[in-house]
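Using the sequences and the hints, build the whole thing.
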Amino acid sequence: MIDKFLEKKLEKALHPESIDAALEKVLAHSPKKQYIQNRFAVVQREIKAVRTVDDYVNELYRFVKEASDHRAQYVIFPEYNIFDLLHLIPGLTTLDRWLNRRAKSKGTSKSAGNAHLQSNRMLRQLFSAVSQPTEKALLLIVERLARFFGMYIFTGTYIHKQGKRLFNRGTFFNPEGKVIFSQDKVHLTDFETSIALARGDCFHVIDLPAGKAAVPICMDASYFETFRLIAAKHADIVIVPIANNEPYDKWRAMRGIWGRVQEAYVYGMKASLNGWIGGMEFTGKAGFFAPCEMTENFDGVLKIADEPCGDEVIVFDLEIERLRQARNDAQYFGDKNETFERTHFAKTYVTKEAAPDAF
Amino acid sequence: MRAAAVAFDALAKNAPIYDWMHEQLERAKEANASLIVFPALVGNLFKSEADFIEKTFSLSERFPDICICPGSFFETAGGRTYHTSFVVHGGKRLWKQRQLYLAKWERKRQLSRGNELVVFEMHGVKTAIILNTDVFYPQVARFAAMQGVTIVLSPLSLIKPASFAKQLSGLWQNVQQNLFFAIESAFNGSFMDASFHGKTIIHAPLELNERQNGIVKMTDDGLIMHDLPLGKLDRAKRLYNPIRQLNIPAYRKLF
Chain F
0 MIDKFLEKKL EKALHPESID AALEKVLAHS PKKQYIQNRF AVVQREIKAV
50 RTVDDYVNEL YRFVKEASDH RAQYVIFPEY NIFDLLHLIP GLTTLDRWLN
100 RRAKSKGTSK SAGNAHLQSN RMLRQLFSAV SQPTEKALLL IVERLARFFG
150 MYIFTGTYIH KQGKRLFNRG TFFNPEGKVI FSQDKVHLTD FETSIALARG
200 DCFHVIDLPA GKAAVPICMD ASYFETFRLI AAKHADIVIV PIANNEPYDK
250 WRAMRGIWGR VQEAYVYGMK ASLNGWIGGM EFTGKAGFFA PCEMTENFDG
300 VLKIADEPCG DEVIVFDLEI ERLRQARNDA QYFGDKNETF ERTHFAKTYV
350 TKEAAPDAF
Chain Y
0 MRAAAVAFDA LAKNAPIYDW MHEQLERAKE ANASLIVFPA LVGNLFKSEA
50 DFIEKTFSLS ERFPDICICP GSFFETAGGR TYHTSFVVHG GKRLWKQRQL
100 YLAKWERKRQ LSRGNELVVF EMHGVKTAII LNTDVFYPQV ARFAAMQGVT
150 IVLSPLSLIK PASFAKQLSG LWQNVQQNLF FAIESAFNGS FMDASFHGKT
200 IIHAPLELNE RQNGIVKMTD DGLIMHDLPL GKLDRAKRLY NPIRQLNIPA
250 YRKLF
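Heads up: the protein sequence lines correspond to chains F and Y, in order. Per numbering that gives the first Met the number 0, numbering through the first sequence is continuous, rising by one, with the last residue being 358. Per numbering that gives the first Met the number 0, numbering through the second sequence is continuous, rising by one, with the last residue being 254.
Bear in mind the hints are in silico, worked out from the structure with no lab data behind them. If you're wondering where the values come from, they're calculated on a predicted model, not measured in any experiment. Glycine included, each C-beta is placed from N, C-alpha and C at the ideal position. Hints should not be assumed to be uniformly reliable.
[To be verified] Partial list, derived from the structure: chain Y residues whose beta carbon lies under 7 Å from chain F:
no.: 1; residue: 114
no.: 2; residue: 117
no.: 3; residue: 121
[Unchecked claim] Capping the alpha-carbon separation at 25 Å, the derived lysine-lysine pairs in BS3-like fashion look like this:
no.: 4; chain 1: F; residue 1: 211; chain 2: Y; residue 2: 54
no.: 5; chain 1: Y; residue 1: 95; chain 2: F; residue 2: 249
no.: 6; chain 1: Y; residue 1: 231; chain 2: F; residue 2: 335
no.: 7; chain 1: F; residue 1: 335; chain 2: Y; residue 2: 236
no.: 8; chain 1: Y; residue 1: 125; chain 2: F; residue 2: 346
no.: 9; chain 1: F; residue 1: 346; chain 2: Y; residue 2: 95
no.: 10; chain 1: Y; residue 1: 103; chain 2: F; residue 2: 335
no.: 11; chain 1: Y; residue 1: 159; chain 2: F; residue 2: 232
no.: 12; chain 1: F; residue 1: 249; chain 2: Y; residue 2: 236
Structure (structure tokens):
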């Protein structure tokens with residue numbers, strides 16, 4: 000009952016006519032569209048308590064506009080890019096303020112994360128109820144922005160409902176406003192498992208003018224398997240939208256894309272969501288990463304946001320040929336041991352029952 | 000379990016490598032360490048392969064309470080040369096590990112690859128040697144973790160140009176992805192026209208060290224020791240354990 004009520008409320012607030020009207024207001028002057036083909040913009044954005052769909056359209060518009068002003072051909076939004084829209088549910092903003100205040104006053108332990116809110120059946124219902132209206136709204140807005148600006152735009156992720164299953168999904172649009180592909184998250188967090196999200200089962204690699212690219216989502220970047228699978232499909236660019244549910248810590252952040260880029264010899268970039276919702280804190284620095292050898296300080300970081308909170312657009316030009324040269328010259332990359340890999344694959348990827356010590 | 004790691008810098012002029020190892024073992028013994036790891040390539044500083052093995056056994060007899068991973072050496076067998084490490088205890092070689100993957104400089108010298116990762120029980124704890132270049136191939140550490148390995152011994156020789164970040168992208172990453180303890184001992188200096196530089200580090204999952212950076216002890220020179228909190232590993236795994244969320248059906252085309 001409650002989920003149907005919420006769905007109806009959101010459908011009304013996010014009616015396509017309202018979105019069209021909001022877009023009409025902002026899409027006034029045509030951009031110059033003189034983009035640099037290998038220039039990417041990753042968005043770091045704070046969750047906003049929007050009051051109308053106009054607020055949300057304005058929010059996405061201004062990031063794309065900023066990227067366009069920087070002549071970036073690509074704009075990447077972060078994971079859970081639809082959290083703002085939950086504030087369109089009547090009463091949720093008040094509840095959210097209370098939950099956030101309570102969580103802040105208790106303090107969030109670095110090691111405990113936000114476990115107090117995990118395994119929540121109500122959240123599953125909420126995600127289910129908001130999935131279709133928020134997906135439709137986000138896709139419509141980004142499709143129009145991509146077409147208007149003539150840019151490639153990754154939507155960030157949203158909840159996609161397929162039958163009774165819910166996926167954490169993101170979609171890439173081309174400058175004609177056509178969908179290039181959608182990617183489901185393949186590795187879930189414990190929290191997402193607790194609310195019974197479903198997992199994707201593969202990583203897509205697509206040909207962009209800037210190079211072959213893939214878009215694994217957040218936790219996917221904690222697994223070397225992800226980048227190995229993507230690299231096997233000859234991707235040079237790995238784009239990771241994140242919404243990291245814990246206070247920021249440099250060392251924790253290094254467990255993700257930074258390490259995978261070093262292992263796989265690809266370019267990596269990260270768009271991040273930050274702020275509070277439902278008593279949960281999200282942090283993360285958007286940025287660009289490359290193998291250590293390609294970076295000024297030999298540290299694997301090309302460009303990164305100054306702070307893990309707040310709004311920022313980070314822009315960088317990728318040099319694919321330079322990356323390939325670095326890969327070719329790398330000391331610790333590219334060797335194969337077919338005997339080891341063949342023999343041990345079966346022993347490595349086993350169930351919890353077969354290898355209890357590992358879990 | 001008290002583990003020790005040794006950084007190798009230059010030897011004093013004309014000082015035998017054996018004496019240097021003996022000195023480190025004396026210090027480890029005084030501190031009641033039960034495990035010590037020496038840096039990669041140290042075995043190649045002896046007169047010969049046979050000399051290294053004989054002297055290592057001799058050291059092990061003199062320090063019977065300490066499991067010794069004496070670094071690594073170039074092992075010749077069946078007309079091939081391997082980059083190899085091992086563990087000795089009580090004067091006997093118990094476990095041997097040949098490096099599975101080769102760095103570019105090792106391929107140029109036509110070294111051969113081992114075929115298996117050996118998992119063994121040391122003082123009742125599942126252990127493996129992840130040797131040198133293998134730290135940059137994360138499938139090796141994943142294999143170890145899935146066999147339930149709790150301690151990784153890792154002699155290292157990181158070729159220049161190197162950096163602290165480059166080193167962290169090896170074993171440190173593996174520790175955080177797989178949640179085990181690791182003892183990494185680095186060789187600093189020159190060998191066969193190549194220069195090497197690295198830090199000697201005792202690693203733990205972030206959740207298990209006070210500074211929450213995964214680096215429990217670190218040095219450029221000399222000996223470091225630490226009591227590995229083996230009993231706390233399960234707690235760390237409850238807080239963060241990516242292995243729980245492996246998506247095995249998605250890995251069909253991994254290799």
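Hint by hint, here is what the structure shows:
no., hint, in the structure
1, 114, "holds, 5 Å"
2, 117, "violated, 12 Å"
3, 121, "violated, 15 Å"
4, F:211 <-> Y:54, "violated, 54 Å"
5, Y:95 <-> F:249, "violated, 37 Å"
6, Y:231 <-> F:335, "violated, 35 Å"
7, F:335 <-> Y:236, "violated, 31 Å"
8, Y:125 <-> F:346, "holds, 16 Å"
9, F:346 <-> Y:95, "holds, 20 Å"
10, Y:103 <-> F:335, "holds, 12 Å"
11, Y:159 <-> F:232, "violated, 30 Å"
12, F:249 <-> Y:236, "holds, 20 Å"
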